Amino acid sequence: MPETRSKALNPGLVLTHVVLIVGAIVMALPYVIQVITSLKSYQETIQVPPVLWPAHFQWGNYLEIFSASFPVGVQLMNTTLAAAARAAGQLLLGSMAAYAFARLKFRFRGAIFAVFLSVLMVPGQLFLIPQYQVIQTLGWLDTLQALFLPGIFSAFGVFLLRQYFMTLPLELDEAARLDGCNPFQIYWHILLPLVRPALVALALLTVVNSWNDLLWPLVVNSSPEHLPVSAGLANLQGQFVDKYQLIMAGAVLTTAPIILLFAVLQRQFIAGFATSGLK
Amino acid sequence: MRGLAAMVTVAGLGIGLAACSSTSSASGDDGPVTITYGFWAEEFRPAFQQAADEFHKENPNVTVKLKLTPFADYFTKLNTEISSKTAPDAFWLQNIHIGLYAKNGALADLTTLRKDSKVDLSGIPDSVMKPYTIGGKLYAMPWQALPFGLYYNKTLFKAAGVAEPTNDWTWDDVATAAAKLTNKSAGIYGIAAPVWNYGTFYQSMYSYGADIITDKGKGTDIDSPAAQRGLKVWTDLVQKGYSPSVAQTTDTPADSWFSSGKTAMITSGPWTATSYSAALGKGNLGLVAMPKGSVDRSGMATTTTAIAAAGKHIADAYRFAEFLSGDTGQKILSKSGVAGGPVNKNANQAWIDAIPGVGIENILPEIATAKLLPSSNATSVWEDQEVTVFTPAYNGTASVADVTKQMAKVIEDSLAKEK
Amino acid sequence: MVVDVQRPQAAPRTQPPPAAHRVRRRSSEGTPLPWVLLFLGPMALGLLVFYIGPVLVTFYYSFTEWGVFGGVTWVGLANYAQVFTSPEVGRALLNTVIYTAIVLLSIPVALLIATLLSRRSLRFVSVYRLLFFLPVITMPVAIGWLWKLILNGDFGILNQALAAVGIQGPTWLSDPRTALISISIVGVWASLGYPIILFVAALQGVPPELHEAAALDGAGAVRRFFSVTLPAVSPTVFFVSVLTTIGALQMFDLIYVMIGKSSPVIPQTETVIYLFYKTAFIDNNKGLASAIVFGLMVIIMLLTLLQFRLQRRWVHYA
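Residue numbers (the numbering used here), protein chains in the order written: chain Z, 21 to 299; chain A, 5 to 423; chain G, 2 to 319.
Keep in mind the hints are simulated off the structure, nothing from the lab.
Computed from a predicted structure; not experimentally measured.
Selected chain G positions facing chain Z (Cβ under 8 angstroms, derived; list incomplete): (1) Tyr52; (2) Ile53; (3) Val56; (4) Ser127; (5) Phe133; (6) Gly206; (7) Pro236; (8) Thr237; (9) Phe239; (10) Tyr278; (11) Met298.
In silico DSS-like links for lysine-lysine, alpha-carbon gap of 27 angstroms or less: (12) Lys316/A with Lys61/A; (13) Lys262/G with Lys263/Z; (14) Lys262/G with Lys409/A.
Backbone N, C-alpha and C define an ideal beta-carbon position, used for all residues, glycine too.
Just chain Z, with the same shape it has in the complex (with noise of 0.2 angstroms):
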């Protein structure tokens, strides 16, 4: 029996809103300044005091950042691959190991699991140089798999994954396992299907995290046609001079595709399923 809700005013629902609407405004802020900041004049980004408003919206900042070195239409496409790429890997390498995290029974299983959430304790920029021997040994220097090679091996999703799998009832392996199952199958009809709301987080967060990545594609790419649209937008910072309104411009258009994949996404984060499936 569904629960009731009145349909007059309920105060916790205000409350809700209330809350919500105010969180929501603290956190959009800065990408709305983000937006407005892409509208100004390079003047009006370094007064003082600061200009909230730009006295003219200029549009002309949008076709400026379409410059000689900055093949934009290339190094998005670079960019949506890489991120498919490193989300795709994520995705299945990352649940079969955390299946068998959570699932598998072999020795060491704890040591080894440590030894793979370490590696998210190193700091990134540590990987730098020896990420890019590895790249230049395998003769991948300034490609495009160069991109998105190391970022497809991350213990990020093994850890996530096993916690969501470990929160499912260990019934449903050995109901399945009556029927005949093999782990694999139990693994991809039976737990993957209720974990797609993590799964689709995770999709998520990985394209995120590959879209801003900027140190190791600078580092081990050099050929514009080659960079993801962030190293393009790096280059708009000068030595001396950085031309915020550009910078501002750039970074609402590369983000652009993401606000536009996230509200595609949100559909997947309904919840689907019911653990009813058992019966």
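With chain Z fixed as given, assemble chains A and G onto it according to the hints.
Quick look at chains A and G alone, frame taken from chain Z:
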């Protein structure tokens, strides 16, 4: 797994199995050659591309490919590449880096190439060329000089009834003017005095005769009376209230204070000329030579082209670097008006024409007389501490004598480790 | 088979599960090796080549002095000695710990927001979710921009508001007394995005039957939150707390963007990773930098181990 483990170990130990063969040909190659040129500022691309095209006309078998890495990450990437012998054939270095890179074997020795070259570089003053010869070997070719000067806001000067600065001003003149220009109730300060070594206290210290790094990089005189006097110029300005405080110029960059018309003067390099001019409005920006102390000596930075020691086309890369310092190259670069001044005086007029109406000609003579900003083989190690050590003197919580003594110790300790 | 609604009282599981549940398995020892290799192999291989190998190599480097461009000389424990006696490292560590402690406050806030967002049939929920997601994709430069706008000593919004009531606010980001706290608040704000998303996903997985049963037992909304919702999502809360701790201890971007390299308050705000970056890439002392990072790694490992040990007390797996 064995083979893979071996590969990981070898790759990890950086033995550099990379296919790069280490045979570097010192003489010119036959057949078409492409050399890569690393740089860090997008706004220079058109000028350098033009230079590269012009060079190609004179040397049809050599093509120059420009490679941009943004400044913030430039050295991280460069060092990684040098370690793996994949650095560009030629690349930008500031003068403060030359010692470090040369000492660690990253740069090619250009002495013979320069001696044998027929290109006329007589337009470059000796004082500009000298710093790049270390231990008798030439390691880099300068292409940009960055002399510093005193910018001022003409409107604010007129409003306060103060005479505009001239090329003969001393630091005392600056202090006097700053006092008259400061108008607290209107939120106007006479000058912006951030804790910024290049533009402020290095300049004044040099102008009182201190060298900061002495004895061929083995000692320091930053605690000498001359240097103290130089630092006191700036700490006084802040303490007397003629400049925003250190916290204020950290929160809001000094450039913003000046561009927004909140300070009447600021010392800076030529790269801000265009943006200051645009901010202050036509005809409102003035620029004169750096004020003098007891001697007429200011500080200057330069940007150079260095050649990778592990490169495969050293001679051709050198020829391009040389071209950039020669008459033709220098004129192309100066005409763009993008930032710095020419190292070659034959391009002086091109630079003056490129940035008209500001007073660029006033800082030009400094190129021949200025002293390069101080550096050692590990400059950043001690230089980065200056802000922390000197700030108390600006805030009045420590004396100039104490902080300079403290800084001298920092520098000495650091130099000692450089061996 | 009905799911036992009173799950929260069951003994929380750590690995491996108690023998009782293994009775019905056919193989009593463990999963056959080929299956383990299939599931674990690919990720393990990649991690080994790209991460674990480099970590081991860097561990080796921490006992050496690096030439600027390669070429190492063994120095034994000299780097570590420097790490343990350097006041700068100690200060950076203190800053990092304070920052982390404050940032952990983001977890309950995120959980609260996620719970509100998961109210059934909430209007505009997609819009809210999008807005809460925006900080995650906003460029650090823009984040620094906004907060500098708010916290600027002379022209910032916060100080102008304070001035209206007669208080003169400090230069938040450039005053040694307030800089770290200011950055930490921004850190809390910036750390909310990911956990909110993960909690929303986790909350989707709480079976409505649990809520209904508890409501039938007379539990109000708050009571249900603590006895039904929280235990059900505790694995995710655990994940978030471990990762937020690790992430906060490794903070770098925020300082880089908001404080910059030439601020007088760097000693009061620099974190261990910022110090690492400076030592490795600006001072070119990669041997010492490796030692710094390994020191931090040990601390992170100990803290994580502690959290894993403590999880028996409050994390409920199925």
